[in-house]
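Chemist: Each chain, letter by letter, is given below.
2 protein chains.
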Amino acid sequence: MSLLVLGSLALDTIETPSRSVTEVPGGSASYAALSASYFANPYIIGNIGSDFPASISALFRDHQVHLEGVEVKEGKTFRWGGRYSENFDDRTTLFTHLNVFEDFKPTIPSAFKNASTILLANIHPGLQLEVLDQVKGDGLVILDTMNLWINTAHEDLMKVIGRSNILVINNEESLMLTGERQYIRAAAKLADMGPDWIIIKKGQHGAMMFHEGQVFTIPALALDEVSDPTGAGDSFVGALAGYLEQSRDRSFDNMKLGLVFGTILASYCVEDFSVDGITYLEEADLDDRYDELVTMSQF
Amino acid sequence: MSLLVLGSLALDTIETPSRSVTEVPGGSASYAALSASYFANPYIIGNIGSDFPASISALFRDHQVHLEGVEVKEGKTFRWGGRYSENFDDRTTLFTHLNVFEDFKPTIPSAFKNASTILLANIHPGLQLEVLDQVKGDGLVILDTMNLWINTAHEDLMKVIGRSNILVINNEESLMLTGERQYIRAAAKLADMGPDWIIIKKGQHGAMMFHEGQVFTIPALALDEVSDPTGAGDSFVGALAGYLEQSRDRSFDNMKLGLVFGTILASYCVEDFSVDGITYLEEADLDDRYDELVTMSQF
Chain A
1 MSLLVLGSLA LDTIETPSRS VTEVPGGSAS YAALSASYFA NPYIIGNIGS DFPASISALF
61 RDHQVHLEGV EVKEGKTFRW GGRYSENFDD RTTLFTHLNV FEDFKPTIPS AFKNASTILL
121 ANIHPGLQLE VLDQVKGDGL VILDTMNLWI NTAHEDLMKV IGRSNILVIN NEESLMLTGE
181 RQYIRAAAKL ADMGPDWIII KKGQHGAMMF HEGQVFTIPA LALDEVSDPT GAGDSFVGAL
241 AGYLEQSRDR SFDNMKLGLV FGTILASYCV EDFSVDGITY LEEADLDDRY DELVTMSQF
Chain B
1 MSLLVLGSLA LDTIETPSRS VTEVPGGSAS YAALSASYFA NPYIIGNIGS DFPASISALF
61 RDHQVHLEGV EVKEGKTFRW GGRYSENFDD RTTLFTHLNV FEDFKPTIPS AFKNASTILL
121 ANIHPGLQLE VLDQVKGDGL VILDTMNLWI NTAHEDLMKV IGRSNILVIN NEESLMLTGE
181 RQYIRAAAKL ADMGPDWIII KKGQHGAMMF HEGQVFTIPA LALDEVSDPT GAGDSFVGAL
241 AGYLEQSRDR SFDNMKLGLV FGTILASYCV EDFSVDGITY LEEADLDDRY DELVTMSQF
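The listed protein sequences derive, respectively, from chains A and B. 289 is the number that my numbering gives to position 289 of the first sequence; each next residue is one higher, with no gaps. 139 is the number that my numbering gives to position 139 of the second sequence; each next residue is one higher, with no gaps.
Derived from the structure by calculation, the hints contain no laboratory data. Mixed in with the good hints there might be a few duds.
Since the list gives no way to pick out one identical chain from another, each pair is judged satisfied if it fits inside one copy or across any two copies.
Calculated lysine-lysine pairs in the DSS-like style (CA-CA distance at most 30 Å, straight line) [unchecked claim]:
(1) K189 x K136
(2) K256 x K76
(3) K256 x K202
(4) K256 x K159
(5) K202 x K189
(6) K256 x K73
(7) K76 x K189
(8) K189 x K73
(9) K202 x K136
All chains, please: the whole structure from these sequences, using the hints.
Modeler: Below, the structure is given as structure tokens:
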């Protein structure tokens with residue numbers, strides 16, 4: 001009975017028009033696990049170098065994010081640098097130093113092989129498949145992916161989609177992958193590939209969920225200021241996975257609440273740099289945004 | 001106690017990739033008044049030529065749409081032709097023959113000057129101002145507009161915005177008019193121009209309403225097939241105006257329901273050609289779409 005989060009652990013350098021930060025916590029597993037931690041105790045599957053700052057490990061521990069499944073390798077941790085243009089319309093990758101992540105071989109400790117929820121956060125689909133080969137039982141498999149893998153690892157991506165219960169994908173990617181132009185049609189094609197649940201993220205337009213002919217939409221929260229959009233999608237899927245692990249209810253109505261909490265964590269994520277927006281949140285913070293979403297979308 | 005609908009009455013020719021229709025009911029007042037008719041009895045302020053088909057007048061009468069405020073002039077009715085590209089990504093105007101509409105001078109019969117709701121459907125802002133100059137009392141003024149007037153009648157548009165209670169505007173237009181890039185900021189600037197309520201239509205992404213720091217969003221219904229998008233925005237604002245005239249309640253919660261019914265009528269509008277999707281609807285049809293919206297957006 002546990003939540004596995006497979007993904008990358010990185011030290012990020014982020015440049016925005018207003019401010020820059022260096023060597024801050026990054027990677028899909030960091031955002032996803034911290035966001036999930038408000039609902040369940042996530043176990044990260046990932047790797048780091050011997051230079052990984054103890055302060056970040058402490059931050060994870062403070063949030064009951066377990067690192068027993070994180071391998072520490074001699075060498076440097078994965079580094080990534082990105083620059084956002086004015087208004088966050090565009091992101092340029094400044095550098096990608098995979099370092100120890102280049103030889104990452106996910107290994108699931110035997111205690112976690114019966115995980116009830118497996119979040120395959122954004123990472124190479126080949127690594128996602130290696131994790132699925134090791135887990136046992138009928139845990140809920142949630143898959144997040146990105147455009148890069150559609151082009152560079154199409155075959156593996158198709159395989160891992162076929163073995164997932166919930167596919168989370170961006171709007172453009174859903175269209176790119178299916179050759180469709182409407183989300184409802186794209187979702188139908190994606191469901192034919194395997195997953196029972198298709199969740200399409202639309203950025204500032206919110207998200208949509210498709211399941212057996214039913215559709216649910218949720219708006220993004222209206223924010224006064226965005227500081228750093230990095231990790232918004234990872235936070236969304238992390239909160240979704242955490243909430244589903246906590247609630248153990250795969251009804252359409254409960255899945256809606258998964259999207260609600262995904263939306264809330266994503267909104268906190270983008271308001272600050274790196275993971276700062278999603279750490280040390282109080283229950284009242286989640287309640288506030290829940291109430292905002294009610295005002296925003298419930299009639 | 002009545003609903004005035006100022007707008008154009010036209011005979012449209014519409015070409016889509018699948019089908020073409022000629023000389024069908026069109027114009028902003030036609031769509032808006034028919035959509036409003038499910039909630040209130042609208043009085044159209046407009047003009048037509050002596051060639052206006054009796055069948056269309058009968059259609060209006062069947063829907064309790066009053067034509068006492070429509071002037072019949074010797075000559076031809078306004079004709080408009082448009083062609084939609086594949087997937088409705090683009091619309092080309094084939095022709096615009098204003099005919100008798102060129103000399104349209106709106107005149108409000110004295111019985112209607114105390115109208116409780118005044119819908120200024122999409123039409124030249126100069127004509128919208130002429131109507132506002134004639135009405136008396138504190139009727140609710142709902143203004144719809146389009147990009148054309150931002151460029152060609154900017155001064156009149158600013159004046160009429162300043163005298164409206166509710167501004168309904170497209171997403172791109174809201175940004176164009178304010179020079180902003182985010183809807184929340186655009187809405188704040190638009191509210192500074194006068195209207196208490198700003199409603200931004202986002203097409204397939206639904207609509208947003210802004211009022212005194214509160215935001216409400218509603219998704220568009222997920223449709224299998226679009227036949228003809230002409231008049232969707234007019235139908236949206238028409239249903240909103242009709243619902244507000246019927247309910248006489250300007251609370252935030254009730255305004256939400258106005259957007260709900262606007263969304264429902266717009267969805268019926270685009271499923272068929274011309275006004276065919278919004279005529280002879282039953283209460284059960286509105287209920288069905290209401291229930292769909294609940295499933296789609298309520299958690």
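Chemist: Now tell me, hint by hint, if it's right for this structure.
Modeler: Structure-based check of all given hints:
1. K189 x K136: within (28 Å within a copy, 56 Å between copies)
2. K256 x K76: neither (40 Å within a copy, 54 Å between copies)
3. K256 x K202: both (16 Å within a copy, 23 Å between copies)
4. K256 x K159: within (27 Å within a copy, 44 Å between copies)
5. K202 x K189: both (18 Å within a copy, 25 Å between copies)
6. K256 x K73: neither (40 Å within a copy, 56 Å between copies)
7. K76 x K189: Result: close neither inside a copy nor across copies, 41 Å intra and 49 Å inter.
8. K189 x K73: neither (41 Å within a copy, 54 Å between copies)
9. K202 x K136: neither (33 Å within a copy, 45 Å between copies)
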